[in-house]
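Okay, so the sequence shown: first residue is 8 according to the numbering used here, each after it adds one.
Certain hints may be false.
[To be verified] Taking lysine-lysine and the DSBU-like style, the derived pairs with C-alpha atoms no more than 30 angstroms apart in a straight line are:
#, residue 1, residue 2
1, LYS32, LYS20
2, LYS56, LYS32
3, LYS32, LYS12
4, LYS32, LYS57
5, LYS40, LYS56
6, LYS12, LYS57
I should point out that these hints are in silico values taken from the structure, not numbers from a laboratory.
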Amino acid sequence: NRLYKWATDLDAKGAGAFGGSGRPKANPDELAKLQRENERLRQENEILKKAAAYFARELP
């Protein structure tokens, strides 16, 4: 659990374990990966919307 992780971080890193404003620093690699995935999913969503509109027109 989170409390256990905080305790082990404190033991390992001492006073430097919780630097900053309390918000975890963003991992740039993870952030870039998530941004790419988000863009891909947005594009897929747009394609599905267009396909649904196209097939809705084709129905009698």
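Here's how the hints hold up against the structure:
1. LYS32 x LYS20: Measuring from Cα to Cα gives roughly 16 angstroms; hence the hint holds.
2. LYS56 x LYS32: Outside the cut-off at roughly 36 angstroms; violated.
3. LYS32 x LYS12: holds, 16 angstroms
4. LYS32 x LYS57: Violated, at roughly 38 angstroms.
5. LYS40 x LYS56: holds, 24 angstroms
6. LYS12 x LYS57: At roughly 46 angstroms apart (the allowed maximum being 30 angstroms), LYS57 and LYS12 break the hint.
Checked against the numbered hints given earlier, this structure breaks hints 2, 4 and 6; the rest are met.
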